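Residue numbers (this note's numbering), protein chains in the order written: chain A, 1 to 855; chain B, 856 to 954.
Since the hints were made in silico from the structure, they are not lab data.
Remember, predicted model here, so these are calculated numbers, not experimental data.
Treat the hints loosely; a few may be bogus.
[Stated by the list, open to error] Calculated pairs, DSS-like style, for lysine-lysine (alpha carbon to alpha carbon, straight line, at most 25 Å):
#1 A:K795 <-> B:K890
#2 B:K902 <-> A:K812
#3 B:K902 <-> A:K795
#4 A:K812 <-> B:K932
#5 A:K812 <-> B:K883
#6 A:K812 <-> A:K385
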Amino acid sequence: MTPRGNSLLEFVFSCPLPSGLHARPASHLAEAANEFASECTVTNLRNGLVANAKSVLGIIAADIRHGDRCALHLSGPDEHAAHAALRRFVEEALPRCDVPLAGVAAPGRSTTPRLLQAARVNCIFGTPVSRGIGQGHVVILKRMTLPGNLGRQVGIDPTRELERVQQAVSAVRHRIGEKLKYSLTPTGAAVLQADLAMAGDVFLVEKLTEQVLHGKSAGQAVVETGEFFIDLLGHSENEYIRQRSADIEEICLQLLEEVCGASPAPAVELHGSSVLVAETLAPQQLLELDRRWLKGLVLEYSGATSHAVILARSLGIPTLAGVRNARLVLTPGGEAVVDANRGFVVSQVSPAVRRFYEREQKTLERRKELWSRHAGKWAITADGKRLEVAANASSGDELTLAFENGADGIGLFRTEMIFLGREEPPSEQEQFAIYSEAVRTAGGRPVIIRTFDIGGDKPVPYLNLPHENNPFLGCRGARIYAEHHELLQSQLRAILRASAAGCVQIMAPMISSLEECLQFKAAVGLAKQHLTQKGVAFQDDIKIGIMVEVPSVAFILDQLSAEVDFFSIGTNDLSQYLFAADRGNPTIASLYTVRHPAFLRFLEQLVEQIHRAGKWVGMCGEMAADVRNLPLLLGLGLDEISVPAADLRELKRAVGKLHTSDGMNLLDRAIACGTAAEVEDLLSAQQFHQPESLLSDELVLLGSTSQTKEEVIQEMVDAFYVASRTESRDLVEEAVWAREAEYSTGLGHGFAIPHCKTDAVTANSICVLRLHEPIDWDSIHGEQVRMVVLLALRKSEVASTHMQVFSSLARKLDEEDFRQHLLEFETPEQVTTYLAEQLGLPSLLASESRSGGTT
Amino acid sequence: MKIVAVTACPTGIAHTYMAAARLEKVAKNFGYEIKVETQGAMGIENKLTENDIRQAHIAIFAVDIEVEGRERFNGVKVIQVPLQEALKNPEGIFAKIKR
Chain A
1 MTPRGNSLLE FVFSCPLPSG LHARPASHLA EAANEFASEC TVTNLRNGLV
51 ANAKSVLGII AADIRHGDRC ALHLSGPDEH AAHAALRRFV EEALPRCDVP
101 LAGVAAPGRS TTPRLLQAAR VNCIFGTPVS RGIGQGHVVI LKRMTLPGNL
151 GRQVGIDPTR ELERVQQAVS AVRHRIGEKL KYSLTPTGAA VLQADLAMAG
201 DVFLVEKLTE QVLHGKSAGQ AVVETGEFFI DLLGHSENEY IRQRSADIEE
251 ICLQLLEEVC GASPAPAVEL HGSSVLVAET LAPQQLLELD RRWLKGLVLE
301 YSGATSHAVI LARSLGIPTL AGVRNARLVL TPGGEAVVDA NRGFVVSQVS
351 PAVRRFYERE QKTLERRKEL WSRHAGKWAI TADGKRLEVA ANASSGDELT
401 LAFENGADGI GLFRTEMIFL GREEPPSEQE QFAIYSEAVR TAGGRPVIIR
451 TFDIGGDKPV PYLNLPHENN PFLGCRGARI YAEHHELLQS QLRAILRASA
501 AGCVQIMAPM ISSLEECLQF KAAVGLAKQH LTQKGVAFQD DIKIGIMVEV
551 PSVAFILDQL SAEVDFFSIG TNDLSQYLFA ADRGNPTIAS LYTVRHPAFL
601 RFLEQLVEQI HRAGKWVGMC GEMAADVRNL PLLLGLGLDE ISVPAADLRE
651 LKRAVGKLHT SDGMNLLDRA IACGTAAEVE DLLSAQQFHQ PESLLSDELV
701 LLGSTSQTKE EVIQEMVDAF YVASRTESRD LVEEAVWARE AEYSTGLGHG
751 FAIPHCKTDA VTANSICVLR LHEPIDWDSI HGEQVRMVVL LALRKSEVAS
801 THMQVFSSLA RKLDEEDFRQ HLLEFETPEQ VTTYLAEQLG LPSLLASESR
851 SGGTT
Chain B
856 MKIVAVTACP TGIAHTYMAA ARLEKVAKNF GYEIKVETQG AMGIENKLTE
906 NDIRQAHIAI FAVDIEVEGR ERFNGVKVIQ VPLQEALKNP EGIFAKIKR
């Protein structure tokens, strides 16, 4: 390459960046190129795309990926200097231009059910924020629309419009520049730097100018230029580049605001069942929509706690958030299914998809029906004593799940989450909406709402909490209420207002003295007074309780009982304060065990004294959630336990198998132990915990109308889901198919025996399915299958006695007589009874559902 | 004739045991004495003793995975077939032995 006069200088390089030349590195390259007067163009030799190297957008649009060979051409007055400088830049600076951005999460595990995979439909993944399934025509909410009166303008003066565009560009650049000055993190600065380059990009300005010269108004020019670039970048094959279309949209929105003033959020009219697709949504916009037709909501924005999301949840609209590029990928007017149970949108509704969702609907109905049969039942011990089994929750989703799992109430509604991770405290109105939703979901069952328990270990900027060396012994819980009086008042008012619609109780955290208790009661009194004056309804005799977390409380229970209605023992803090052992410190982990004679003695005294004062006492700590502790808790005589939703069923079921007197005996013996190890041994020797049955009537499906092997397996896995033996159907299905890939599980004689080893099932299970019409199963003898027996074994329980049952079942299937019986039975009961008999299962283990084991 | 056999499949939940049952049944029809060791999810069951193996005329491996303790069979004639074979055509295996 000999430089000659006005000739073209060029050099070739290959892109060293793993994510390609996306916005940030592109902005650095453009910045370097803009130092020179010469023309700089970059050609992607892979795809032939040519771009102005001074334009970030141009470079991005050239879709330069890792390893792509590119030619950089330079021509103009300072071409030699430019050549040298850019060559140096590409060799030295470019490879280091792309520090990974913090917080860009890798896409999570995303699978679709086998049947949808087979139907070859396109599924777009997102995070379910309001569960359910909805179907309708896609309606896309555009953010960039001109205010109505500016849509069509006549008599435009291009010179003036061009001026307005230029002013807008420099105003937006100025604004980004200001933000850049105050950017606190290097990542934030890098993003703003890229935005700044994009906002002044020559390609962008060129396009804007071109639009104005074609007679468009400044506003129209911005909208159309924005659409041009969103389209250009949005259809790139490169994920990073597609994401940049959101950046350019943001910049164009700012330009539009400069040109037209702040525009009101655009409204949408729905005609017929619709799925609304939007970047984000204001609560007002959601409320204005015709809810008869709004079947689902797809948001690109990923916040699970935005107001619109909370609202969508309370309205029961299936909603997915964080669906990247949803507005680009989904076609307006096309039909789509929002599956906010599994977390994806299906963008083409073929007959296969329709059939899949018809079957899914039936599965969901059956699951609900089965739940409602068990959910309302109380947990009663074998000797007839009731134990309330409530749930801990901190969000609406958890609450819904808790009641689906049969919670008798909410024993601890944590409200800290509402206060954390934001710049300003939540308003009374926002809190009221959240608590009301909780009360509505509870449908008359009690909800104990705990006022905020925030301490120096949690960052809450607006509270200005001091940094403490020992936050667990410092300003937390009720101790900060005096200083943050108004915050507590607004929360109490919100809780009281919500209490008008159901059964609410208020609980204070971290009470250690009578003074604190009295102050808290006075605060509730003040909030009540305020509402009375305003004529707002609330439950006047609302119950007030306190957490038992600080050991000092144990010595003034008589005095406290005179003031409050109930107590709830928080075992996590209580044990760490009792043993003076930080539970976050693994080196002293052995010190704070709850199964310690000292702690058990302490609990026994607490419960005894509270009951002597005639008050109610529950337990909401982790100790309550471990089923191994259950006999001890029954022995203590607690009125309630409150546990995570996932543990409810197991605990409720376990209560029914226990005797209070056995629990009391066990507690006596535990208390007499000298060490924690002795208590552990004592508990391990108790074989009270029985595994769930292998069989149940719900797992016998006679007369199935499935048409393919895929459908059969799905139907059987669905049966596990209906019976709450799995919450991850896709994982179970995957495990079954992984086995099927080895060789077909068809046995001949019209039988198949698919099986899997996976902890995605919560209990070892046998499912039996008989087909109405035989189907192909790629069987050994090539013959069709009529009877399918699915064995699902938990991976971690292969050593269990159930494996014995599985192996004898496998052997039995070789006997013609046995097979013949299975083909002839008419009811599920006959099948389970016969199998239990043949496999030597005790009848309780064989089929619990019929004997009503959960009550 | 005395026969020893081992059955084993990848998951060890179903086919290992079905194949064992099948081999036992068919051997009986042929008038052979058979002992089948299963290597499944429960580990080794009905374990073949040194004595069993020494007295056997032949060993059948109906397996899809490596046989555990294969060295025990050194010096014994072994017929190895895929496990499916024991389900699909167990008679064939015994017919081969007869020849």
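Do the hints match the structure? See the list:
With a CA separation close to 29 Å, the supplied pair K795 of chain A and K890 of chain B exceeds the 25 Å bound. Note on K902 of chain B and K812 of chain A: the hinted pairing holds, with a Cα-Cα distance of about 21 Å set against a maximum of 25 Å. The suggested pairing of K902 of chain B with K795 of chain A holds, with an alpha-carbon distance near 23 Å, which does not exceed 25 Å. Restraint check for K812 of chain A and K932 of chain B: not satisfied, since their Cα atoms lie roughly 30 Å apart, outside the 25 Å limit.
Between K812 of chain A and K883 of chain B the CA atoms are separated by roughly 17 Å; this keeps the pair inside 25 Å, and the hint holds. Between the alpha carbons of K812 of chain A and K385 of chain A the distance comes to roughly 43 Å, so the proposed pair goes past 25 Å and is violated.
Checked against the numbered hints given earlier, the structure breaks hints 1, 4, 6 and satisfies all the rest.
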